[in-house]
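Trainee: The chain contents come next:
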Amino acid sequence: MPEERTDTELLIASRTEPEAFTELYRRHAEDLLRYFARRTLDPETAAELTAETFAEAFASRATYRDQGVNGVAWLYGIARHRLGRFFRNGKVDAAARRKLGMPERDLPPEDYERIEDLIDFAPIREALAEALETLSPDQREAMRLRVIDGLGYAEVAERLRCTEQSARQRVSRGLRKIALLLQERGMQLTTEVEA
Amino acid sequence: MNADIRSLQLLERDLEVVAAHERERLASIDRALDGGPGRPRRLPRRGRGSGHAWGGIAAALVAVLVLAGGIGFLAQGGSDEMQAADGGNAEAGDAVSGGAGGDAGGSESDPQATKAPVAAEALPGVEGPNGALVPNLESDRATYGVADEAARDTAGSPLQSVGTVPEQQGDLTKIIRDGRIGIVIADGSFSKGVAGVTQIARRNGGFVLESSSRDERSGALTLRVPAKRFDDTMLALRALSGQLDGEVEFQDITGQDVTAEFIDLQARLDILKDRRELLLDIQADATSTSEILRLAALIDDVQLQIENIQGRLNFLKDQVAEATIKVEVRERDVQAEDPGSDPENPSLADSFELAVQGFLRIIGAVVIGLGYLIPLGVIGLIGWGVLRLVRRRDRGAS
Numbered sequence: 000m001p002e003e004r005t006d007t008e009l010l011i012a013s014r015t016e017p018e019a020f021t022e023l024y025r026r027h028a029e030d031l032l033r034y035f036a037r038r039t040l041d042p043e044t045a046a047e048l049t050a051e052t053f054a055e056a057f058a059s060r061a062t063y064r065d066q067g068v069n070g071v072a073w074l075y076g077i078a079r080h081r082l083g084r085f086f087r088n089g090k091v092d093a094a095a096r097r098k099l100g101m102p103e104r105d106l107p108p109e110d111y112e113r114i115e116d117l118i119d120f121a122p123i124r125e126a127l128a129e130a131l132e133t134l135s136p137d138q139r140e141a142m143r144l145r146v147i148d149g150l151g152y153a154e155v156a157e158r159l160r161c162t163e164q165s166a167r168q169r170v171s172r173g174l175r176k177i178a179l180l181l182q183e184r185g186m187q188l189t190t191e192v193e194a
Numbered sequence: 000m001n002a003d004i005r006s007l008q009l010l011e012r013d014l015e016v017v018a019a020h021e022r023e024r025l026a027s028i029d030r031a032l033d034g035g036p037g038r039p040r041r042l043p044r045r046g047r048g049s050g051h052a053w054g055g056i057a058a059a060l061v062a063v064l065v066l067a068g069g070i071g072f073l074a075q076g077g078s079d080e081m082q083a084a085d086g087g088n089a090e091a092g093d094a095v096s097g098g099a100g101g102d103a104g105g106s107e108s109d110p111q112a113t114k115a116p117v118a119a120e121a122l123p124g125v126e127g128p129n130g131a132l133v134p135n136l137e138s139d140r141a142t143y144g145v146a147d148e149a150a151r152d153t154a155g156s157p158l159q160s161v162g163t164v165p166e167q168q169g170d171l172t173k174i175i176r177d178g179r180i181g182i183v184i185a186d187g188s189f190s191k192g193v194a195g196v197t198q199i200a201r202r203n204g205g206f207v208l209e210s211s212s213r214d215e216r217s218g219a220l221t222l223r224v225p226a227k228r229f230d231d232t233m234l235a236l237r238a239l240s241g242q243l244d245g246e247v248e249f250q251d252i253t254g255q256d257v258t259a260e261f262i263d264l265q266a267r268l269d270i271l272k273d274r275r276e277l278l279l280d281i282q283a284d285a286t287s288t289s290e291i292l293r294l295a296a297l298i299d300d301v302q303l304q305i306e307n308i309q310g311r312l313n314f315l316k317d318q319v320a321e322a323t324i325k326v327e328v329r330e331r332d333v334q335a336e337d338p339g340s341d342p343e344n345p346s347l348a349d350s351f352e353l354a355v356q357g358f359l360r361i362i363g364a365v366v367i368g369l370g371y372l373i374p375l376g377v378i379g380l381i382g383w384g385v386l387r388l389v390r391r392r393d394r395g396a397s
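Listed in order, the protein sequences are those of chains A and B. The letter at position 7 of the first sequence is residue 6 when you use numbering that gives the first Met the number 0, and the numbering goes up by one with no holes. The letter at position 176 of the second sequence is residue 175 when you use numbering that gives the first Met the number 0, and the numbering goes up by one with no holes.
Derived from the structure by calculation, the hints contain no laboratory data. C-beta atoms are modelled at their ideal positions from N, C-alpha and C, and glycine is treated no differently. Some hints here could point you the wrong way.
Stated by the list, open to error - One-sided excerpt, in silico: chain A residues whose CB lies under 7 Å from chain B:
1. Glu18
2. Gly89
3. Ala93
4. Ala94
5. Ala95
6. Leu99
7. Met101
8. Arg104
9. Phe120
10. Glu140
11. Leu181
12. Gln182
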């Protein structure tokens, strides 16, 4: 059985073997998604940032130089840069995906809950409850039912008398707004140690 | 990887597609270079280098500005008109022009203005009884090619039969005529010259509107004479220069046809008067105070417009009825105040002024051109955006 290549080796190999980058993606995609989800609190934004980060890494893989910096650290460097831009602009850029001809996909409905499962709300629950007051009544109620009470989206939609899609959007927008607000206030949204 | 997260699966598939395309791209480069697929080398960048990109942007910008300049240039009427404008300025300084004929036509770019160059020529006067200065009109008529019979047929102004004189264009024609003539006379005869000019104005039913002199050796007079006596007055002034042992230095005659404006104003005036009458009738029948006040405001507005138009009409009538002639008289030894610039050999100041004018003209052309290009660019961008949107949707659907 051939020896598994390191992340750095995969990154360097991807210059001439583009498929090697896919292997790197498989190893780190979920971690990166969690990284974004815990910082943005928004599944849609997290998925978009993940896609954009990998697209940018692929497009600029030729610029990576093995100078003692781990390939994954380089990847997270791009991720931090993307996250910073999101917090500054309040939106996710899609330039790298467009450059590569990759589609900008909407988040599949079933992914909202799965990605929210990756978010650990415990460390920020208190700040979250306080920030809820800044939301519109619709968003606040949807957030309370989903994040505080832990109801599923079907039940949230039933309580709010709206569609599941609408309930997801209200929670998603509310989480994104809170994440931006907390970031603005200089609050650390996660205690997770970066790779 | 968490296989349950659908978006990550889709992203993986998208990256695989991108990787496959990249593999094909690299293979095609390998084939082109005839090298091995595993040979390590620097990847060619997808896009151009930043230096090239900026160069491209600069080149595109220059191309757009040049294109805009070209469009603006064409929109302004092309080089002929610009040259004509330049030529007009140059001519005014040194060409001795004018004459009652003027049938050679003026600048085509301004159909209302006529200016006909005529060779400068001293017209000798004839000594009248008691040595009085009598302008040699017969000689002038011969010079302008005016037949005596035709001249006699036209009451008051023999030379108005030339064919280009407004009187021949019918009663409806309204032309404002202006003349400018420069006379160089013998030294010591300035006072006689001024007196002669004043006498000519009076004899033709006109008057001296204003006058000025410098050292009693040169000066300028502005005459107002009845339009129908314009040509006689000009001819008499030319003859005067000959009688004072002088010559005509320059002469310009311009005619501004205001017939269209006059008719338009007259029509508008008639309409407004009718409207005023109508409003007055309505006001007479009005019963409520608010209605009366509203109608009064409307009548005031119409009245104001009537007065404005009437004022303009009166001005035009006055300008048409009386022509203005500016006469510059100087003794031979007095240097002309403004000799004008030699277009063949302009001074440094003139060159600078020409350069500034040229620069401003080019900027103006570019601005005009951009006025054409920007809307086209916006339409193009919208089309491009729609095309991209459609393509993206198709790609997303696939």
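Trainee: Evaluate each hint against the coordinates.
Mentor: Consistency of the hints with the structure:
1. Glu18: Interface hint status for glutamate 18 of chain A: holds (5 Å vs cutoff 7 Å).
2. Gly89: Violated, because the Cβ-Cβ distance from glycine 89 of chain A to chain B comes to roughly 21 Å (cut-off 7 Å).
3. Ala93: 10 Å, violated
4. Ala94: With a minimum Cβ separation of about 11 Å from chain B (threshold 7 Å), the hint on alanine 94 of chain A is violated.
5. Ala95: Status violated, d = 11 Å.
6. Leu99: 5 Å, holds
7. Met101: This hint holds: methionine 101 of chain A lies near chain B, its Cβ roughly 5 Å from the closest one there, short of 7 Å.
8. Arg104: 6 Å, holds
9. Phe120: With a minimum Cβ separation of about 18 Å from chain B (threshold 7 Å), the hint on phenylalanine 120 of chain A is violated.
10. Glu140: 26 Å, violated
11. Leu181: With a minimum Cβ separation of about 24 Å from chain B (threshold 7 Å), the hint on leucine 181 of chain A is violated.
12. Gln182: Status violated, d = 23 Å.
In summary, the numbered hints that this structure violates are 2, 3, 4, 5, 9, 10, 11, 12.
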